[in-house]
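Given only the sequences and the hints, what does the whole structure look like? Please build it.
Letter by letter, the chains look like this.
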Amino acid sequence: MAGAEPEGMTVEVVKVLGYLFVFPGVVFLFAYATFAEWFDRKVYARLQNRIGPLHTGSGGILQPVADFIKLMSKEDIVPAQADKGLFNALPLFSLASALAAFIMIPVFRVSLPYTSFPGDLIVVVYLLSIPTIVYFLAGWSSTNYYAMVGAFRNLTQLFGYEVPLFLALLAPAMLAGSWANGTWLSANWQISEVGKFYMAHPYLIPVNIIGFVVALIALQAKLERVPFDAPEAETEIVAGALTEYSGKKLALFRLTVDIEMVTGSALIAAVFLGGFVLAPVHLGTIDLSSLFSLLLFVAKTLFVIALLSLGKALMGRLRIDQTVAFSWRWLAPAALLQILISIVLKGILKV
Amino acid sequence: MTETELQARITERWGAKAAFTLARPRRVFVSVAVGELKPVMRWLKSDLGFYHISTITGLDSGENFEVLYHLHDGTIELTLRTAVPRANPHIPTVTDIIPGAILYERELQDMFGLVVDDIPDPRRYVLPEDWPQGVYPLRKDYKVNAGN
Amino acid sequence: MPGIRIPIGPQHPALKEPESFTFELDGEQVINAEVRMGYAHRGIEKGFEDRTFIQGIYLAERICGICSTSHTTPFVLNAEELLKLEVPRRAQYIRALTGELERVHSHLLWLGVAGHEVGFDSLFMYTWRDREHVQDMLEVISGNRVHYGINTIGGVRRDISTEQIGRLKEMNKLALARTEYYIRLCTAEPTFISRIKDVGRLSKQDALDLCAVGPMARASGVKRDVRKDDPYCCYDEMPFDVITADTCDILGRAVVRVFELIQCYKLIDFILANLPEGDIKIRAPRRIPPGEAINRYEAPRGENIHFMKSNGTDKPDRVKVRAPTYANIPATLVTLKNCFVADIPIIVAAIDPCFCCADRMIRLSDRKGRDDRWSWGQLQHYSREWLARNRRA
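Respectively, the protein sequence lines represent chains Y, D and L. The first sequence runs 1 to 351 under this note's numbering. The second sequence runs 1001 to 1148 under this note's numbering. The third sequence runs 2001 to 2393 under this note's numbering.
It is worth saying that the hints were derived from the structure and are not from the lab. Take these hints with a grain of salt, some might be off.
Unchecked claim - Dumping the calculated BS3-like pairs for lysine-lysine here, alpha-carbon to alpha-carbon at most 25 angstroms: (1) Lys2266(L) <-> Lys2223(L); (2) Lys2315(L) <-> Lys1143(D); (3) Lys1140(D) <-> Lys2315(L); (4) Lys1045(D) <-> Lys2223(L).
To be verified - Selected chain D positions facing chain L (Cβ under 7 angstroms, derived; list incomplete): (5) Pro1025; (6) Arg1026; (7) Gly1049; (8) Tyr1051; (9) His1052; (10) Ile1053; (11) Ser1054; (12) Thr1055; (13) Thr1057; (14) Gly1074; (15) Glu1077; (16) Ile1097; (17) Gly1100.
Where a beta carbon is used, it is the ideal one built from N, C-alpha and C, also for glycine.
Structure, rendered in structure tokens:
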């Protein structure tokens, strides 16, 4: 961008806007998040001997879009005692942070220097924890008993899974790091670099299996899906923190959950399964690597989502105290173990 | 215990105060006056093992209200019946003997207007809060409107 | 948040039927619970007094959808006792068969609802899928999936053909295989068990004092089953065991119900193999001589008791119905003390609540505050008018 002429600047701005809003930005993400929700609902239904969405679009693929449109058109009710400013603004905050998180994940060959930088792994995890805090605030500002219970459970659950998730995501990054000064380990916190490392050394991917499992379980808790959906337990507290939300605001919250699911699976796939960025592949003069990247992205994220749906179908809901006990008794130690393995292996292999 | 043994023990203990009728195998009716209701029930529970009360039926027999306590010990169904005059429909509570009778007594109060003395919880049970006082649906003089 | 009171009900996703619980909470723990019933009270006992005995069967059936035979059977048993009728054995066996099929579908329903209450939706989907087979069989023998209408005073209204017997045997085998899967699931799935073990405790002494009935009492070690203690419909000729558990918690109630399912299949097999020949009903007079009769029935939820007083006319003088859920409510309030908020739905569901059975009056009042009771004809007329006004072209 340095010393660019006016036309160069315009092209750059258009490129950035296209990246942010069209592909792989808002439009693509909206389409893919609704597709991922359809996939999740279909897998869940088939595991329960049901059919799942069927009629909207071929095989029901447009069902989540239809649900979104329906919610957007419904009446928007704000409780009289709620803090109106906060109540109305919160859906946008959570959506914005989820979208921002996805931008940082290097999905295709086309990436901009300001979306991929050392430390972006930490930024993504941080941005992904903002929606949870927003749900807490949403429940709090609703002044409804059920919403408050859901909000408190949200935070309690956050204390449970956030640390294991963080630790588990750090382990492969540590393995992918470099020796600095020939002696000590400098972990590589850039997702694209981590992905490149594992693409170059695919035999090291199974080493992170413990971390992979921990990250999957922690992601299931972050997305508040069974067995960790105590914060929005339908049969106990109606709808948890989002009880009082309806209409457009609820549509945006649900979209945030879908985008979080895609972002979380993309993050796990990028860090544990080798990522999606390929070296240039040429067919004649056309560079097909972007197309292959897209296919790889779809395949890997759907694989992770399928595992999440399997978890949802297989188990019942845990109580909130059981969730926290499980996280600290099993998940955190397992994540620490994975980090230990990474450090030891790095020392041995000196890759 | 067989029905004949039961009859023997009841007549031995209570004599004429408890009138015993055997309707059919496993169906026994015992009639007592209101004053003897609690002592007899207490004795039935502690000595003969009639620990379970299935329900309490109220009957509107014109001049009296009859109250039937359906007890069983597992095999024999013993119905303890007593009568109170319509003008003074007071009946003592049995929840101190069998705590599980509380809901049935509340229903009696709602539906028949019987007053259960010393009932631990006298709130309305079946009828809605805005049902008018003094209107008791299961009395014979209460007619359901068959179309306004 | 010390000492706040929250209502659960009358409308709540956890409750399949309306009733109002008020809980006093301290954080996530329940300190005290109260219940307010009557939301589904329909004035049925009063309704019996205006209807003939045959019309009364129709009304008794509609006390409940899930356990409809549990109400018609003691009702007709009462009437037959007052008439001193000797009901043919084939009819009694068919009554027992319908009762056992009803018990199967009710327990499978409960298992699904319990799974749903703890968030285990897959169990819900599977058990209700299997329940469809049972409903199909009920439809084959009676023509209806609920409200079978198979009882009449003096016997049953429909006979079972040999072809139907064959199909019933097949369904029985299938259901038995599926139930064995559920037994493995209930006793092995850790998330399910962790939600129901040591939750909702009811000691044996409490169960006896508070007059709990059915699987609720049997899971606390009280060995009471009307089919064994006070047999009706030839149950004294049929071999089966009374299942009890001594864990006194919801896991015990689940185990009792699932093993009772196995006993049901055993009973159904026995009935189908030993169905006596003969008539299916005997003619009954319309007027019933004065008298009183009491009959108890083991409904899926526990002991159901009917009292009937006749006065020589063709309408009963008084019919008293006490359904099992009603009897379990004081016990439920005790089990709800000192539990977590998260456990409330499963504890309430553990008595297998059928509040329609337990309530028996709906009062309509329009916005001007007038109280009107509408007859069925008026309601129909009103609904047709409303639809005509609000129909979109």
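Do the hints match the structure? See the list:
no. : hint                      : in the structure
1   : Lys2266(L) <-> Lys2223(L) : 19 angstroms, holds
2   : Lys2315(L) <-> Lys1143(D) : 15 angstroms, holds
3   : Lys1140(D) <-> Lys2315(L) : 14 angstroms, holds
4   : Lys1045(D) <-> Lys2223(L) : 18 angstroms, holds
5   : Pro1025                   : 10 angstroms, violated
6   : Arg1026                   : 6 angstroms, holds
7   : Gly1049                   : 11 angstroms, violated
8   : Tyr1051                   : 6 angstroms, holds
9   : His1052                   : 5 angstroms, holds
10  : Ile1053                   : 6 angstroms, holds
11  : Ser1054                   : 5 angstroms, holds
12  : Thr1055                   : 3 angstroms, holds
13  : Thr1057                   : 4 angstroms, holds
14  : Gly1074                   : 5 angstroms, holds
15  : Glu1077                   : 6 angstroms, holds
16  : Ile1097                   : 10 angstroms, violated
17  : Gly1100                   : 3 angstroms, holds
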